[in-house]
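Trainee: Residues per chain, in single letters:
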Amino acid sequence: MKKVLALILTLAMALSLASLTACGGSSSSSTGTTDSSAAGDTTDTEESGLPTIDSITLGEDYQDITATVTILTSRTDIADTTYAAYAEEFHELYPNITVEYEAITDYEETLQLRLTTGDWGDICFIPTSVSMAQLSDYFIPLGDYDTLDEIYNFVSEATYDGTVYGIANGGTADGVLYNTRIWEEAGITDLPTTPEEFLEDLQLIKDNTDAIPLYTNFAAGWTMGAWDSYIWIPATGDVDWHNNIAHTSNPFSDRGDQTGPYAVYYTLYEAVSRGLIEDDPMSTDWESSKSRINSGEIATMVLGSWAVAQCQEAGDTPEDLAYMPFPITVDGQQYAGASGNYSYGINNQTSEEQQIASMIYVKWLLEESTIFEDEGSIPALKTDDMPDVLAGFDGVELLSNSAAPEGEEDLFDDVNNESEVGLNNSDYPDCEILEAALTGSATLDEIMDEWNAKWTAAQESLGVEIYE
Amino acid sequence: MNAIVAEQKSPLQFFHDGRVQRKLVIFCFMILPMALLIVFTYVPFIKMIQFSFYDRTYLDSGKFVGLKNYLEVFTRSECFGSLAVSLYYMGGAVVQLGLALFFASLMVFKVKGAGVYKACMFFPYLICGIAVGFIFKFFYSRGYVLDTILMMFGMDLEDIPYWLQNQSINNISLVATSVWRYTGQNMVLFLGAMMSVDNDLYEAADLDGAGKWQKFRYIILPSIKTIIVLNLILSISGSLSAFEPPYVITNGTMGTGTYFVIMNRLAHENQKVGLACAMAIVLLAIIVLCTVAQKLFFKYVFTDGADDPEAAAEAKRQRKAAKAARKQKKEVAPV
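Going down the list, the sequences are from chains D and G. Residue numbers for the first sequence follow my numbering, so the first one is 289 and each next one is one higher. Residue numbers for the second sequence follow my numbering, so the first one is 11 and each next one is one higher.
Just chain G, same shape as in the assembly:
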């Protein structure tokens, strides 16, 4: 209303206008983060899309080759072959979420020294990925930390597998490092969500004589489903783009080369920057697909009829108890 009056007013009055002020404040607050975002994310990203159509190195601008790089990504066996390695990391992600959920639900109830536990669990996340890599490089080295510990428990060095060399377990060894690193972080996220659950619900549950498991299943799980879904999506896209453990610990040798490691090798060792950019874009597409697929999955399977917590809990129950699905339904329906 003031705006109409302000139109012909002096500049000072123009700034006095509440709407103008609000817009100004919004603008001032936004411009820095937006500038950073544009300069460091969107411009490089657009450049990367551009590079992916060129046959170029870092220093030489090369020539336009159209879709050739993309064709190559799809015809090379190692590009998509390496996604098989990501399956290990996806498996790891599930274990990681399970562990995080477990520890978080232990700690949401009153525990002595919860702060210390939380700090200890969260600490690995604060270490930079490269350092984690070096820690575990020595941890898994033949005759070093892990082997020594196992030998203290009476194992013979001969019976201990080569953690990084044996191709049937070396990916698991690597995945374990990322589980170690991220479990604490996931746990803290879960814990944060759990803390926001109204205490009255627990009290009511106590009055009704609910056990811890029941509290977890009927109170906690439904109230933190959003954060679980979020963590799962992040973990899955994270496992598709796993890089640091294999790069630092094994350099992608002995069958541990993930998609990112191969991309890095093509770009930096063979100077095929265009091809590597195309690989990055294809990976982005895969990640988007996976995320959308997960979203749809959770929408139709996990949180069927999401608004009603009871129905959500029921849907969850159905999914969890998949073996006894039919019986469960009959039992639950009258309730």
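Chain D extracted, bound-state conformation:
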């Protein structure tokens, strides 16, 4: 009896095991086939010739393609509502193509891992961790730079070796979000044009109103990292500064004329040390800050222009909110940087049909959808009008960072990562400035000297040539 039982048990185990391994085997073999077919596709892509994005006529070409396209997005808040509505609208134009959004929290880190598998979907926002040289490993080419640069804004941000791999989902301008009612109540008539004027105005707001002069949103982290975006064009008016900084010795030194990166961080440091920010930076909350600046509890927030639309929606007085350029004047002229949002990239590991369908959807989003009006961002098409939020930018020159010179596409990222100064990609160094100002543990000059030292060390270890 026992033997029979044991035999049955053994057989059952062996069977279940066999079925399990069979499952594993079949699934792995199926991924194997998709992989190999995908590899086949990518190799013959170049010969069979995917269309370039500018050559597609929307609504006419490729009506016969049937595909379901998955698009990854970081916008967990609107993926199921606004974005899904775009997908439906598009579905009417192309009934055979279905677009599905997949929203991902913790987008950057998740994508870093998922991209390497090749099996992640069809369209994504290209994560910042993908370097220019790696673009071709993951994404299909959309066209050549010279052609697409005529049509779309911010194309240079995902271009390598003259080929474009991604087009930005519109863009934002760098400036300062403020509540006009509070600024007027404080008795300010002219907008500040230098850091010192800005700090004086904040002081006026503190003295004359109940509002928090400058809300840093410190606890959110990324809101502090946002300060890095002002050290480029707003602080220098130089479209090449982004490329030159890797070759510059001690870029964070005080230039003495209230310009350059130092002036930006000076504004932050001084606002904190003069007590012009919220009482407890550790207790800030991003979601509620949107309605608080709307109602006038907060006077100012230093954020990209994308934030304007969100803050306007968050309360009853959207008309009170306005946007001004960052208060730095270079040789009598104020500048504002415009930069692309995340760029759309299309998976090069899927079938050609999927890729074309994806390309059609991206083109439709960029050209026909209302996405840029809805988000208040700078449109992707160069011919479209600037958003209303930039109305206050009269007399301000709006510029974009120029493309990196050939062969140096990754130089800035390399120096930046090696130095751990983390411009644009790490919030922590900016948080440290606030910490130091709050606790008095270090002066701004000490911090900037430290950053300079790290920058120099990185330049040396990478063997970067220093121009004077």
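Fair warning: there could be bad hints in the mix.
[To be verified] DSS-like cross-link-like pairs, simulated, lysine-lysine; straight-line CA separation at most 30 Å: (1) D/494 <-> G/147; (2) G/225 <-> G/309; (3) G/73 <-> D/742.
[Stated by the list, open to error] A few chain G residues that don't get close to chain D, going by computed Cβ distances all over 10 Å: (4) 58; (5) 147; (6) 159; (7) 214; (8) 306.
Derived by calculation from the structure, the hints in this document are not laboratory data. For every residue, glycine included, the Cβ atom is placed at its ideal position computed from N, Cα and C.
Please arrange chain G on chain D, whose structure you already have, making use of the hints.
Mentor: Using the frame of chain D, we list chain G on its own:
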């Protein structure tokens, strides 16, 4: 014995053989967990060791740099500096074990509604660490939960410290969250061990007129020492690798960056994956060292002559009553 016969038998008879069957069963039962373990633990671990010798990012395979990453771990001040923050968590671990032991010994005797207490105490452990982080982010926020409660007791907002900003207490605030989360779990482990103590011992102790404290000290403590040691080792290695509270609540700012938070920052923000892997391996070495050190400590100090419960209890007594050590010895020796 059958095996010899089975050697030349048909396949069916081969499977009938008890030894073969047993091996087959063992094999079948083992293969799944082993496969999972290998795929999700050992392969990544070996990969991590490999990565630690490279200067690489996630997406780029980089170049071999030998021991450079390890050298950097040891020369960077913030790597080992952050271990100082772990001392707070170790302190917290001791408090946590003390509390857990206290509650467990209260509940091992008949208590009304013990089940409810147990469930309430254990519940925080079931919440995911990130959620706990968010709960406490609001709990400690200026003017939110904790401050409101204190103000209800008549404190002025001005007198209440900034729980997360003030660098002399913010680590304690964070440690408190992990104590809150893990006390219940430790308690349940202790309780489980205590339940296995033979009831006759308590009855005998009752007959001898032992009080609750004496029961705890001479019956419970000696019988659960293994689990105490285990919990302590787990807590200490846990405090060295504390991550969720500082990552979620303060993002490692204001001096709350633990070793893990810094490792995470290097890997994900500065793309120094090789360096972060080296840090992970160094941390592993530290944890192994700490565990071995604790093991040795308990072997030679805590459970001296472990086999005999009486001697063990005596050794414990000596350690606990360290101030009166000499007197104690004289008193105990004749007994």
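Trainee: Quick one: work out the minimum CB distance from residue 58 of chain G to chain D and report holds if it exceeds 10 Å, violated otherwise.
Mentor: 14 Å, holds
Trainee: Does residue 147 of chain G sit within 30 Å of residue 494 of chain D, going by the straight-line distance between their CA atoms?
Mentor: 27 Å, holds
Trainee: With the threshold set at 30 Å, check whether the alpha-carbon distance from residue 73 of chain G to residue 742 of chain D stays at or below it.
Mentor: 22 Å, holds
Trainee: For residue 214 of chain G, is the shortest CB-to-CB distance to chain D above 10 Å, so the non-interface label stands?
Mentor: Residue 214 of chain G clear of chain D: closest Cβ-Cβ about 42 Å, beyond 10 Å.
Trainee: Compute the least Cβ-Cβ separation between residue 306 of chain G and chain D, then decide whether it is above 10 Å.
Mentor: Given that every Cβ of chain D is farther than 10 Å from that of residue 306 of chain G, nearest at about 38 Å, it holds.
Trainee: At 10 Å, judged by beta carbons, does residue 147 of chain G keep clear of chain D as stated?
Mentor: 7 Å, violated
Trainee: Grab the minimum beta-carbon distance between residue 159 of chain G and chain D and tell me whether it stays above 10 Å.
Mentor: About 16 Å separates residue 159 of chain G from the closest Cβ of chain D, which puts it past 10 Å; holds.
Trainee: Hinted pair, alpha-carbon criterion (30 Å max): residue 225 of chain G, residue 309 of chain G. Please report holds or violated.
Mentor: The given pair, whose Cα atoms are some 24 Å apart, holds under the 30 Å limit.
The earlier numbered hint that this structure contradicts is number 5, and it is the only one.
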